[in-house]
Amino acid sequence: MQIDKDLVTYLETLGRIALSEEQRAETEKDLQSILDYIDTLNELDTDGVEPASHSFPVANVVREDEVTNTARADEILQNAPDSREGCFAVPKTVE
Amino acid sequence: MEWEIVMGLEVHTELATKTKIFCGCSTAFGGEPNTHVCEICSGMPGTLPLLNRRVVEYAVRTGLATNCNITRKNKFDRKNYFYPDLPKAYQISQLYLPICRNGFIEVKAADGGTKKIGIHEIHMEEDAGKLVHDEFSDCTLVDYNRCGVPLLEIVSEPDFREASEVVDYLEKLRAILQFTGVSDCKMQEGSLRADVNLSVRPKGQAEFGTRTEMKNLNSFRAIARAIEYESRRQIDILEDGGKVVQETRRWDDTRGVSYAMRSKEDAQDYKYFPEPDLPPIEISDAFIEKVKAEMPELPEAKKRRYIEELGLPEYDTSILTSDLAFVRLFEATEKLCQSPKDAANWIMGEVMKLLNDSGTLPEDMTLSPEKLAAVINMVKAGKINRGTGKTVLEKVFSQDVDPETYVKENNLAQITDLSALRPVLEEVIAANEKSVSEYKGGKTQAMGYIMGQAMRALKGKAPAQEVQKLLHEMLDS
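Going line by line, the protein sequences match chains A and B.
111 is the number of the first residue of the first sequence in the numbering used here; add one for each residue after it.
3 is the number of the first residue of the second sequence in the numbering used here; add one for each residue after it.
Rather than coming from a laboratory, the hints here were simulated on the basis of the structure.
Some hints here could point you the wrong way.
Just a sample of chain A residues kept apart from chain B, beta carbon distances all over 10 Å, derived [what the hints assert, rightly or not]:
id, residue
1, L151
2, N152
3, D155
4, H164
5, V168
6, L187
7, E195
8, T203
Partial chain B-side listing against chain A, Cβ under 8 Å, derived [what the hints assert, rightly or not]:
id, residue
9, K20
10, C25
11, G26
12, S28
13, N36
14, T37
15, G48
16, R56
17, E137
18, F138
19, T142
20, T256
21, K273
Where a beta carbon is used, it is the ideal one built from N, C-alpha and C, also for glycine.
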């Protein structure tokens, strides 16, 4: 895969970061070399091999549909940087 | 130029589980903000999701009821986006291996026949929290009570051509979800939400036009209006030589317009990748067989049974199976009054009229089958006439009175002792000398008037046939 300047700009948007021109050039070079390295894997014959998403052969880990948690808004809200009226308060975000 | 509208639907339905999809928090609607929240659904570092078994069961149930193939090896994926309604900054969803695929629902086609609407896929995911944007301060308040409530997203193929098909599909889908117990489908509480993808193209053209996605459609009526508005808007743009922009639009039902919310994201904007915190879900034949065996009776099967076993006309069965509340009321009432057709008629006539007039939704109805059956039985036994029956039912419906007590206390029962009629009729004859002599003089139409006076004096509580017979006896001699 070829990394170019447009792709780096697009990744900046997705990652919500702003790079300087120098950083962009550097990122382009670094990403290209990382991807080239990963490309080595494409030399392997993976026909008939299922893609793995997990390292352990475990499946179907589930729980029963029973309520185990009780209301403790005060405690939970202590994890919030700011809270008001029983709610998490965050910088104004209007879609 | 003649235009064709092409639509597909994305329906989100909140599942009727007791707990959230990945933690033991309650899914009960309402409740003070953040009281159904724990470390897992508020996205605290170091927590791990643990899948609710019933979500898988309900997803398979829905898939089977909509003729889908069930995916045997399932996994979850992360959909990453930055918005505070999801505190983890990603939603756990299914992209690569959705649990159900390639199904269909049959709907009424605009030309009167039936038409299969394809179901592309159904996948499991988690709902987001609720944001309140404070007008007077610079902050947004977040309530995570809904965050982590299990959802199914049901994605149709772009098979719709008319708004009526969309509405019929949603009604069918809602009935299936309600009948299978998968969701209560309350649109006003957000447990059934539909987004409409819509594009237009010149009739006969094979390629699709550029589509928009419409959100915030909170009622079937709003959906029909939004489709009308959006198709008109796109046709106007194209006829003026413009181009439709691919975007997400929000419907404002009060103003009857939609407006652009944001440009439509591509799947890659969400940086999907396999969810490492959840091991895969493997679905066995035995599991599918068990779900099949436990499947409640679906609307189509109910219709067939009502026709074959209860002898109802097909028209009645369609109406009764349009909502689970009607089915529950009908099945219990029919057993209590031993007359399916009477039960069906009263529900389709009086009960639906009362719901309409009072603006009550079927699911909020408090009328019990016992009380409805009591009214029907009194009418059937001739204890009260049909008109009185309607009055009584209205009182039961609005004030939950006991029908038998109400009839007794208000003296509404029919006069069954015929000897009690004679003195009343004698008075009527005495008070209407003129009409009586006209009748005796050969003017037979005068009987109608005398009859009316008699029924009035009896307050309509005697069988008209008996009254007329008795009057003839008294006057014709």
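Hint check results:
no., hint, result
1, L151, "holds, 16 Å"
2, N152, "holds, 18 Å"
3, D155, "holds, 22 Å"
4, H164, "violated, 6 Å"
5, V168, "violated, 5 Å"
6, L187, "violated, 6 Å"
7, E195, "violated, 6 Å"
8, T203, "violated, 5 Å"
9, K20, "holds, 5 Å"
10, C25, "holds, 7 Å"
11, G26, "holds, 3 Å"
12, S28, "holds, 5 Å"
13, N36, "holds, 4 Å"
14, T37, "holds, 4 Å"
15, G48, "violated, 12 Å"
16, R56, "holds, 4 Å"
17, E137, "violated, 10 Å"
18, F138, "violated, 11 Å"
19, T142, "holds, 5 Å"
20, T256, "violated, 19 Å"
21, K273, "holds, 6 Å"
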